[in-house]
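Asks: Listed below are the residues making up each chain.
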Amino acid sequence: DGGITQSPKYLFRKEGQNVTLSCEQNLNHDAMYWYRQDPGQGLRLIYYSQIVNDFQKGDIAEGYSVSREKKESFPLTVTSAQKNPTAFYLCASSIVGSAYEQYFGPGTRLTVT
Amino acid sequence: AQKITQTQPGMFVQEKEAVTLDCTYDTSDQSYGLFWYKQPSSGEMIFLIYQGSYDEQNATEGRYSLNFQKARKSANLVISASQLGDSAMYFCAMRDIGNFNKFYFGSGTKLNVKP
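Heads up: the protein sequence lines correspond to chains U and W, in order. Numbered according to my numbering, the first sequence terminates at residue 736, and the numbering increases by one at each position without gaps. Numbered according to my numbering, the second sequence terminates at residue 682, and the numbering increases by one at each position without gaps.
With the rest of the complex left out, here is chain U (with noise of 0.2 Å):
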């Protein structure tokens, strides 16, 4: 089956520490996009991709970082930079082309504490 791959579903991480998400897509999608939810809130856009070695800042990219070495992934690190990393993220990848949806995947949630 296709699909997006997060893992893991839930990490926990003392504060000062780097940490890398993990997002993995079979979809053969161009595009991939990284978002933050806070609980109640919408999505913050934090990075995307539309093509391998290429990657934008969102709207909220402070104190992360991306790669995108393969078309299949998409890894994020928060860093200790961030001061406020506890938050639910998701991952997501799309056709290139405004007629196509995002696939999303199940998430990761970060306590940092």
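The hints are simulated quantities; they were obtained by calculation from the structure and are not laboratory data.
Covered stretches of chain U (in silico footprint by chain W; criterion: 3 or more residues with CB under 8 Å from a CB of chain W, positions within the stretch not fixed):
| hint | segment |
| --- | --- |
| 1 | 664-671 |
| 2 | 707-720 |
| 3 | 725-731 |
C-beta: ideal position from N, C-alpha, C; glycine also.
The hints should help you fit chain W onto chain U, whose structure is shown.
Replies: Showing chain W alone in chain U's frame:
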């Protein structure tokens, strides 16, 4: 400027009744897509329905329909015959070609279906 506005933070509907969730959007592009997603408490995002800016007919998918009024820049979701399983957050989203294929999401509407 806010690209997608959902003005109803929360709504209640009686089971088996219809409900309309409001969404207005802002874009200067001629070509864009409008989407609705459902997010149950589990957190997954479920795609419901799509409307293209050039589509003349309102989109329908089962119990979901999209009331598209282009001149008013509104794309309201109508759920007919509500079911208890429809209780969830609902997000309206827009994608325009003019800005690197970004998606813009509204703040969401929490729908509660009462038995």
